[in-house]
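Starting from the structure of chain A, add chain B where the hints point.
Just so you know, the sequences run in chain order A and B.
In this text, residue positions in the first sequence follow this note's numbering: the first is 1, and each later residue adds one.
In this text, residue positions in the second sequence follow this note's numbering: the first is 197, and each later residue adds one.
None of the hints are false.
Derived lysine-lysine pairs resembling BS3-like cross-links, with alpha carbons at most 25 Å apart:
| # | chain 1 | residue 1 | chain 2 | residue 2 |
| --- | --- | --- | --- | --- |
| 1 | A | 112 | A | 191 |
| 2 | A | 187 | B | 389 |
| 3 | A | 187 | B | 354 |
| 4 | A | 187 | B | 220 |
| 5 | A | 24 | B | 383 |
| 6 | A | 191 | A | 34 |
| 7 | B | 220 | B | 308 |
| 8 | B | 308 | A | 187 |
| 9 | B | 383 | A | 158 |
| 10 | B | 354 | B | 309 |
| 11 | A | 91 | A | 187 |
| 12 | B | 387 | A | 152 |
| 13 | A | 113 | A | 34 |
| 14 | B | 287 | B | 220 |
| 15 | B | 387 | A | 112 |
| 16 | B | 387 | A | 158 |
| 17 | B | 348 | A | 191 |
| 18 | B | 348 | A | 193 |
| 19 | A | 193 | B | 387 |
Everything labelled a hint here was simulated from the structure, so no lab data went into it.
Since the model is a prediction, treat every value here as computed from it, not as a measurement.
Protein chains: 2
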Amino acid sequence: MKDNGGLLIVLSGPSGAGKGTLCKELLHRQNSVKFSVSATTRAPRPGEVNGLSYYFRTQEEFQSMIENHELLEWAEFCGNYYGTPLFAVQKHLEAGYDVILEIDIQGALQVKKRFPQGVFIFIMPPSLNILSERIRGRGTECEEDIQQRLAKAEQEMKYIPEYDYLIENDDIIDGVDKLRSIIIAEKCRVKRKQCM
Amino acid sequence: MKDNGGLLIVLSGPSGAGKGTLCKELLHRQNSVKFSVSATTRAPRPGEVNGLSYYFRTQEEFQSMIENHELLEWAEFCGNYYGTPLFAVQKHLEAGYDVILEIDIQGALQVKKRFPQGVFIFIMPPSLNILSERIRGRGTECEEDIQQRLAKAEQEMKYIPEYDYLIENDDIIDGVDKLRSIIIAEKCRVKRKQCM
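Just chain A, same shape as in the assembly:
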């Protein structure tokens, strides 16, 4: 009985919910998982590396990717564009790797239409207060951005029913264990097995 290639795993959730840390920890532990690198027009933050953190693109380059249907999903946020290059995702899935997309909720809904067999996971911080502290702790956003992100977080939580799983990310060890468990469990799902 064979499995059907890799899993497409979509992680969304409020900015500051800990998605990035979860992904990094998972990648350390699971060789079968590849992280999808997004393209963006926003400026790099300190320490971010082109091609690893993001593919940093100009507005013109990004527009061209949209027009040539080279993106699985894309969205505009705070005046910047973010998107998922299609080619790399397909290549990894066909090679049997699981691909993690860490994307905006609107992007996730776009992906769900094209890949309903994806695994859609909403990552939630323990509370909006803690979320606010996490964003402030990062120190890369101005106060207006923070208020905008908190308002967006409340809006985003209304979309939880669109997702398959909810990880309440109170604790990173526990959060990674849940994420890893979801991946293992999904691979055991009878509906994903061939020759049934």
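Same frame as chain A, but now just chain B:
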């Protein structure tokens, strides 16, 4: 956001697939899990303890449990009756424990009708040859029983599509990890969360 009590986890699969060992290992690791002790009319095997391995009952006692609707499911196999006492299961679930039922496939189908929210897991040995070796290795069955069990195993595998998950139990460490992962993942499912 609160969880809805414990999970009812139903394990089925051919005799010799390793269900008993999986359950034992899981119980060692997860305090939240309770094992449902079945009632049976079959004779105890060496080392089996009444009330721990099974509730050993006479034919008359078992008939009375059926008539009084004290069983969640029951089945007859090789001339003996097996069944799941309802009371203990409900008590554990309401207290927030996960309850594991290791039951016959026909019993699982009965439970699925009454508890569609249960988690139905089919445990499969790597091959029928290995299954045959495992049953012989146990040394408690006569040759006719073994042939009957192998034929039944092939029949049972046709019911895999009725289950949510399939664990190919090649390796006990890996099998327990999968079982544990399924339980953790199911607790993260958005559909199981209240107040959505």
